[in-house]
Amino acid sequence: MPVRGYELTHLQMIEAEAIHIFREVAAEFERPALLFSGGKDSIVMLRVAEKAFWPAKLPFPLLHIDTGHNFDEVLAFRDHRAKELGARLIVASVQAAIDAGTLTEDTRPGASRNQLQTPVLLDAIADNRFDAVFGGARRDEEKARAKERVYSFRDEFGQWDPKNQRPELWSLYNGRHRPGEHIRVFPLSNWTELDIWRYIAQERLEIPSIYYAHSRDVVERDGMLLAVTPLTLPRPGETAVPRRIRYRTVGDITCTGAVESTARTPEEVIVEVAATRITERGATRADDRVSEAAMEDRKREGYF
Amino acid sequence: MAELLRVATAGSVDDGKSTLIGRLLYDTKSLFTDQLAAVERTSRERGDGYVDLALLTDGLRAEREQGITIDVAYRYFATPRRSFILADTPGHVQYTRNMVTGASTADLALLLVDARKGVVEQTRRHAFLASLLQVPHLVLCVNKMDLVDFDREIFEKIKEEFRHFAAKLEIVDVTAIPVSALSGDNVVSRSPSTPWYDGSSLLHHLEELHIASDRNLIDVRFPVQWVVRPRSEELPDYRGYAGQVAGGVLKPGDDVIVLPSGLTTRVAGIDSFDGPVDEAFPPMSVTVRLEDDLDVSRGDLIARPNNQPTVGQDINLMVSWMVDAPLRRRARIGVKHTTRSVRAMVTDISYRVDIDTLHRDETIDTLGLNDIGRIALRTTSPLCYDPYRRNRTTGSVLLIDEVTGTTLGAGMILGPSHPRTLSSSDPRPAACRVRPAGADRAEPRPALTPATGA
Chain A
1 MPVRGYELTH LQMIEAEAIH IFREVAAEFE RPALLFSGGK DSIVMLRVAE KAFWPAKLPF
61 PLLHIDTGHN FDEVLAFRDH RAKELGARLI VASVQAAIDA GTLTEDTRPG ASRNQLQTPV
121 LLDAIADNRF DAVFGGARRD EEKARAKERV YSFRDEFGQW DPKNQRPELW SLYNGRHRPG
181 EHIRVFPLSN WTELDIWRYI AQERLEIPSI YYAHSRDVVE RDGMLLAVTP LTLPRPGETA
241 VPRRIRYRTV GDITCTGAVE STARTPEEVI VEVAATRITE RGATRADDRV SEAAMEDRKR
301 EGYF
Chain B
1 MAELLRVATA GSVDDGKSTL IGRLLYDTKS LFTDQLAAVE RTSRERGDGY VDLALLTDGL
61 RAEREQGITI DVAYRYFATP RRSFILADTP GHVQYTRNMV TGASTADLAL LLVDARKGVV
121 EQTRRHAFLA SLLQVPHLVL CVNKMDLVDF DREIFEKIKE EFRHFAAKLE IVDVTAIPVS
181 ALSGDNVVSR SPSTPWYDGS SLLHHLEELH IASDRNLIDV RFPVQWVVRP RSEELPDYRG
241 YAGQVAGGVL KPGDDVIVLP SGLTTRVAGI DSFDGPVDEA FPPMSVTVRL EDDLDVSRGD
301 LIARPNNQPT VGQDINLMVS WMVDAPLRRR ARIGVKHTTR SVRAMVTDIS YRVDIDTLHR
361 DETIDTLGLN DIGRIALRTT SPLCYDPYRR NRTTGSVLLI DEVTGTTLGA GMILGPSHPR
421 TLSSSDPRPA ACRVRPAGAD RAEPRPALTP ATGA
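Read top to bottom, the protein sequences are chains A and B.
The first sequence: position 137 = 137 (our numbering), numbered continuously.
The second sequence: position 267 = 267 (our numbering), numbered continuously.
Don't read these hints as lab results, they were simulated from the structure.
Treat the hints with care, since some could be wrong.
What the hints assert, rightly or not - Non-contacting residues of chain A with respect to chain B, defined by C-beta distances greater than 12 Å in every case (computed):
# : residue
1 : 27
2 : 100
3 : 115
4 : 138
5 : 147
6 : 167
7 : 172
8 : 181
9 : 275
To be verified - Simulated restraints, written as ranges between beta carbons of each label pair:
#  : chain 1 : residue 1 : chain 2 : residue 2 : range
10 : A       : 264       : B       : 249       : 39 to 45 Å
11 : A       : 93        : B       : 275       : 22 to 28 Å
12 : B       : 293       : A       : 205       : 35 to 41 Å
13 : A       : 274       : B       : 189       : 51 to 57 Å
14 : B       : 249       : A       : 157       : 46 to 52 Å
15 : B       : 231       : A       : 204       : 46 to 52 Å
16 : B       : 118       : A       : 274       : 58 to 64 Å
17 : A       : 274       : B       : 249       : 49 to 55 Å
Idealized CB from N, CA, C, for every residue including glycine.
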């Protein structure tokens with residue numbers, strides 16, 4: 001580890017902070033789990049977790065809420081990475097809940113399964129009796145998240161109460177909770193999109209190929225580029241055209257847009273991200289555009 | 001040059017703080033066009049005659065509807081020199097609690113005054129809280145200089161007035177900068193309107209400020225967080241103590257003492273995922289291996305035999321009380337200190353500080369919401385601590401409600417207290433009678449390893 005004058009780089013400092021958070025949770029909670037989707041933020045989070053407990057294995061399982069609307073590349077990557085780490089992977093499926101009749105899908109055109117993730121996530125937490133769940137959310141992503149604590153207390157319904165959060169001081173985290181309640185933990189709270197990419201470059205982290213520029217048939221809808229898939233066919237009046245694109249975020253395939261790009265390496269993505277004038281979610285997530293407080297409303301109900 | 005600077009700012013709506021933050025974000029290209037468009041849209045919908053940049057950080061529905069800031073908001077911006085984390089706190093509701101929270105991790109406190117009004121009550125409060133939380137650097141932005149014709153005398157008068165007040169506080173480094181957030185004078189670059197000002201622009205000051213020596217690199221303090229035991233085929237006997245260095249520089253081969261047990265040994269090696277570490281210093285997260293097989297667990301603290309923290313159960317501290325229900329003498333509360341959680345009883349409430357006048361009110365016997373005061377605690381088992389002014393990590397505690405789990409307040413340790421004799425009817429935590437191993441300034445215990453290290 002290169003050190004000059006007892007100083008750390010920005011990335012080393014936020015990494016040290018995140019490692020500290022992982023260890024606190026592992027030490028103070030009975031049954032933590034780490035939300036791992038195969039997306040870039042969760043990949044970075046998983047690497048930091050790996051560092052926190054090295055040379056031992058992760059002292060908790062991975063949890064994925066599978067919407068059934070995923071990019072194949074991302075699912076393949078998810079399984080590959082879990083196997084590589086020797087980690088236990090628990091998959092809770094939105095499709096299974098729909099098939100079992102416990103969830104009803106909104107089948108109108110343009111509906112995503114984003115909202116349906118919440119009950120599946122809460123059931124998975126209850127079924128596995130998880131008391132702490134790590135998420136890769138960052139405060140720079142969205143304005144409701146900017147106000148969320150590193151330890152985000154959730155009541156027995158999984159709800160977040162933004163007006164009644166515990167003050168969080170120094171690096172002292174209060175994880176007290178009663179049975180049935182749990183804490184969502186966000187070790188990457190202080191990371192930005194650029195930090196994520198710099199870390200991917202620094203650590204030479206493998207990430208799903210769709211984060212880099214590739215050719216894909218897309219349609220333009222509501223100012224976003226949407227990939228043409230069996231789930232997202234062109235609507236009347238729309239024409240599919242091939243474009244060089246990459247994804248800035250990876251979520252439900254039906255509401256995640258791509259951006260035009262030529263970046264094929266982390267370094268090239270960093271250059272693009274540094275120059276962009278639109279936020280990650282503003283550019284690519286239809287789910288956050290529903291209203292000014294779309295994210296806050298979902299989080300109150302127990303969303304990630 | 002440290003690459004990360006944490007800034008805490010506080011202020012009310014009309015002193016131009018939001019405008020200043022908006023300008024810093026905008027001029028460092030950290031403000032995005034979709035964010036700006038959303039702010040413009042909401043301002044328009046609310047019928048504001050201007051673009052309210054406070055909306056950038058006021059993300060919650062209630063905040064946007066009522067035009068108020070509820071909570072600490074964190075903003076991120078970067079220049080080629082440095083990355084910044086800005087904790088922005090509201091100037092009104094829950095003011096003290098939020099300011100204390102934001103200041104707890106800050107390297108620098110950013111205070112704004114209106115050049116037309118000068119130092120006001122709120123300025124003094126900010127400065128006091130920054131001092132209480134030992135924020136090492138303070139910047140006083142004298143804003144709205146354009147409204148006083150960039151008058152040097154006005155700036156100098158405010159600067160003097162503030163210095164006079166700050167002299168009563170423990171603030172090491174104060175810098176005053178004349179700015180106009182609205183027109184951008186001295187925010188990102190030096191302004192031609194203030195030829196008499198020979199200091200840096202605000203952003204330049206934030207970029208160049210030397211903060212590396214703010215950390216304590218003298219007193220080795222390593223609170224054990226987690227014991228790493230792979231128990232794998234390759235590493236059947238590996239045992240490492242994971243934690244984040246809270247002070248000093250720790251090296252392989254160093255003689256160390258484990259507290260509170262008082263056992264001594266040596267550092268066999270310092271590990272990280274990225275390879276062996278030659279020197280571990282704050283705020284690195286590492287894993288320490290010891291030469292001897294000692295019983296070390298979470299909550300213990302590793303220090304040097306010739307430089308130990310205080311180990312004790314009777315502690316004086318300044319507290320910031322953060323809930324409606326008042327703190328009373330003899331209350332039993334939970335205490336989290338570094339990686340150790342204990343229970344404690346409030347043995348004394350000495351005074352409350354009036355944060356406007358700095359007057360100490362010794363007639364009180366409770367502390368209420370947003371009060372700052374001095375109390376004494378007796379803990380069920382010993383804490384290994386330093387005065388907060390010596391070390392912000394080993395000198396800070398959280399006060400927690402044992403029943404609901406709520407965080408009640410924050411405490412900054414002053415030092416050991418000499419408990420008043422409690423009458424026999426006073427309830428005492430059971431463990432109080434046990435004299436802790438390695439009590440205050442204990443002599444080092446015999447080493448388990450020969451001093452020669454042969």
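Going through the hints against the structure:
no.: 1; hint: 27; result: 5 Å, violated
no.: 2; hint: 100; result: 34 Å, holds
no.: 3; hint: 115; result: 18 Å, holds
no.: 4; hint: 138; result: 9 Å, violated
no.: 5; hint: 147; result: 5 Å, violated
no.: 6; hint: 167; result: 5 Å, violated
no.: 7; hint: 172; result: 5 Å, violated
no.: 8; hint: 181; result: 8 Å, violated
no.: 9; hint: 275; result: 9 Å, violated
no.: 10; hint: A:264 x B:249: 39 to 45 Å; result: 42 Å, holds
no.: 11; hint: A:93 x B:275: 22 to 28 Å; result: 40 Å, violated
no.: 12; hint: B:293 x A:205: 35 to 41 Å; result: 36 Å, holds
no.: 13; hint: A:274 x B:189: 51 to 57 Å; result: 21 Å, violated
no.: 14; hint: B:249 x A:157: 46 to 52 Å; result: 48 Å, holds
no.: 15; hint: B:231 x A:204: 46 to 52 Å; result: 29 Å, violated
no.: 16; hint: B:118 x A:274: 58 to 64 Å; result: 41 Å, violated
no.: 17; hint: A:274 x B:249: 49 to 55 Å; result: 34 Å, violated
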